[in-house]
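Full structure from sequences and hints, please.
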Amino acid sequence: MIDTALALLRFSLGLGSVFLLGYLGFALLVPNPRGFRVLESLSYSFGIGAVVLTLWMLLLSWWGHPFSLIPILVPPLAGAFLLVALKMIVRKRAGGPESAPSTIPAPSSAPFQVWDWVFIGLLSAVLLFAYFRAVIYPMWAWDTIATWGCKAKLFYQTGGMDLTCIEAHNYYPNLVPLLLSYLYFCLGEVKDHLAQGLFPFWGALLLGMLYSFLRRMGLNRTRALGVTAFFALNGTVFISHLFIAYADLPLAYFALAAVGLLYLWLMDAAPVGALALAAPFFAGLAWCKYEGPPLAGTILLAAFLTLVWLRPPDWKMRVLKLGIPILGLAAGFLPWRLFAAFRHLEMGADHVRNLYPHQLLESIPYFLRALVDPFFFGLLWPAAVLALIFSGRGLWRSPRLFPALFLGGNLLAVLVAYAVAPTSAAEFDMYVRATIDRLLLHITPVAALLVGDGVKEWGGRPQAGPQRPLEKPLGKAY
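Take 28 as the starting number for the sequence shown in the numbering used here and just add one per residue.
Mixed in with the good hints there might be a few duds.
[To be verified] In silico BS3-like pairs for lysine-lysine, Cα to Cα no more than 30 Å straight-line:
1. Lys114 to Lys483
2. Lys483 to Lys348
3. Lys218 to Lys180
4. Lys348 to Lys119
Think of the hints as simulated: they come from the structure by calculation, not from any bench.
Structure below.
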């Protein structure tokens, strides 16, 4: 009993250190951290901390320094504290304001309604079930054992990133296995059942981020909670990924953050510093999974096309500001690629050497069925399609075009990916069945944003009364 309590304490302190590192990075990226709700700060901080910590571990391995808890934690924390202190000193000497104007929408003064508690109860039940389901069983799913969990144990046992003994998927990015190995160092041993508790926790942060985006988009508390619960409870794919140690849930988290921040920026509803805040999440996309860089590319392309089509004031300057998340993408993509090149690791080029048109045609029925399969995502995708249909001409005259382009581009990219997949005719059916749900999970939280837009329009004005300003004038949220 005492050993279990100590293990939980060490696990909690390990996660808390990631939050602390991430919050320091968050404080560096935005002018006014107090302009965010606590839930927003927590959701952003963990992602930033996970990216910074694991990239630092990559550098340690590159330099040949063996992994242990002190060199993993102390240098990045000390550096982040120093940079935050310097920022505060510079701001004070410059005579600037202590804090920028708040960008938090005015909180609702209404007490919690019955439906608020119903939605909160449903979300809490899902997360509690997922947590106990995760920590009771050891790591068991295929990719966990063969890829992510295997790498994590190897990194912990060897004290570095020695991938010479891994032949399958050794070119995959390593944010997830490095974070798991860090938790093993915090625990002092490999404890799969505790480390797997990271994933329901990550799912809770994704739901918190989705709720926060919906609130900033103008939905009141009840509707935002309702849409969040609608996303979490539709189908089984999201729930099952809360208790398996796959990289797909973290990738969906990073994709939602990147898309949501750019969407708010295009809507002029973003917190000040939104593009700088998006940069580490673009880094997380590239550093989390092999599908991350194409996802990031479609986000940037959709934002560019939206700006060119809508042509808001100073749209050319806004296009140039997209260079900020591009820098974040490079920070997550280049270090691992350079590390792999110096270590002579195979980078999976065989996935794009050929085109098999018949596979494209064969994948379409599976693809369409997955979008409406109640076992996968329930009614979420049909609801997102209805939201787009009822947008009418407003789709082409508003920033809603951005998530629509992103989703459409990625749905097409899924089909193209199957057309170039190097599988045999006998294996193709099994390959599609084994991957389609995960590929759709990466972008499904963004579909929930479109559902939220539809709920906002169908329900009229979301809330009455004055609100605090959401944003500075157009083009200033960078």
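Evaluated hints:
| no. | hint | in the structure |
| --- | --- | --- |
| 1 | Lys114 to Lys483 | violated (39 Å) |
| 2 | Lys483 to Lys348 | holds (29 Å) |
| 3 | Lys218 to Lys180 | holds (10 Å) |
| 4 | Lys348 to Lys119 | holds (27 Å) |
Of the hints listed earlier, the one the structure fails to meet is number 1.
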